[in-house]
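Novice: Each chain, written out:
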Amino acid sequence: MPLIMGMSVLLTCQFLGEVIARGLTLPIPGPVIGMVILLAGLMVRGKVPRSLRLTGEGLLCYLTLLFVPAGVGLMVHFALIGRDLVPILVTLMVSTGLTLAATAWVLDRLNRRRGGQGR
Amino acid sequence: MNLASLDQLWVYLSGNPLLWLLGTLVVFALAVRINKALGGTPLVHPVTLSIAMLIGLLLLADMDYATYFEGAQFIHFLLGPATVALAIPLYDHRERIRRLLVPLLLACLVGIAVAVTSTVGLSLALGARLETVLSLAPRSVTSPIAMGIAEQIGGIPSLAAGLVLLTGSIGCALSPWVFRLLRIEDPAVKGFALGLSAHGFGTAQAFARIGAVAGAFSGLAMGLTGLLTAFLLPLITRLLGLGS
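Residue numbers (this note's numbering), protein chains in the order written: chain A, 1 to 119; chain B, 1 to 244.
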């Protein structure tokens, strides 16, 4: 039963998220709102129920597998990617490097200024 | 068994969801093995490898994506509940997050600003098409969120998902060099930067290569970035006058 209970909680949050996103025509995906709803619920409840942890952490363990079906969808866009191949590759390499560096640098600086507290 | 019945068997099986559901799982398991055999190198990520192998198989079998997706959709569906489940690591680390809230939020906003402006700026400057630019824009966010955002701002969801995956593998490959260059040693900082720029791939990498603290902060960065980008990006593209 724990898997069924855990999955029901996750799907309920996702469902509520979808209803809110569609109902209010928000520019935010339903599962993201579902995540906020679950976080609020956990804050109120004060602990993570065992069944939810079992299911949730099980799903997060295999997070990378879940990307595969969507990724195979790249094959549909070979033509579009091919036309923009150079801009796409250059943008991805440069921008990802910049993002990594900027985030790490800012957080490192702010942490040091606080005297390394909270590490 | 004669040849004709084998032929019919293939026609039956190849149109059946079971084949490609099983195929996806087996190929992924194989890709994980290959990655381990190569010493877990971030240059050949199991997901990138699985996608390449599956596309190769589909092209060889002359199968279209719609048929493949009929089977693979059962795996794809789990992305929704998995996104919701990200609330669990966020809840687990709420104390630490509360203490570091201001620096984390600032770093997150800077990271998102750099990611979005450099992506949109570079791709426009290099002459990419508008739909490509809009599918590239949410690329450092975990793919279920990126797909939703791309749809909202007028990009192509499945192209966005593919670009997110490429970003993840590039981020994992670049991170050791970037950290060495900037002399970053704090695992929390490394994890946060990885999760922000390379989402789920970065988080998996942080857990496996750096440690539990890095993994937790990476998961946090991934959730926070997803949430903030989902709110901010539609506004940013509207401000820049791109898309719908």
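To be clear, the hints were calculated from the coordinates, so they are not data collected in a lab. The model shown is predicted, which means the values in this text are computed figures rather than measured ones. The beta-carbon is built from N, C-alpha and C at its ideal position, and this holds for glycine as well. Worth double-checking, as some hints may not be accurate.
Footprint (simulated), chain A over chain B, 3 or more residues, beta carbon under 8 Å [unchecked claim]: (1) 6–16; (2) 33–41; (3) 55–66; (4) 71–78; (5) 145–153.
Novice: A separate judgement is required for each hint: does it hold in the structure or not?
Specialist: Against the structure, the hints:
Residues of the stretch 6–16 of chain B with a Cβ under 8 Å from some Cβ of chain A number 0, which does not satisfy the need for three, so the listed coverage is violated. Chain A is given as covering the stretch 33–41 of chain B, and this is violated because 0 residues of the stretch bring a CB closer than 8 Å to a CB of that chain, at least three being needed. Coverage of a stretch by a chain is defined here by at least three residues with a beta carbon nearer than 8 Å to that chain's beta carbons; for the stretch 55–66 of chain B and chain A the count is 4, and the condition holds. Under a criterion of three residues with beta carbons nearer than 8 Å to beta carbons of chain A, the stated coverage of the stretch 71–78 of chain B is upheld, 5 such residues being counted.
Closer than 8 Å: that is the beta-carbon criterion, and the stretch 145–153 of chain B has 6 residues meeting it against chain A, so the requirement of 3 holds.
The structure shown violates the earlier hints numbered 1, 2.
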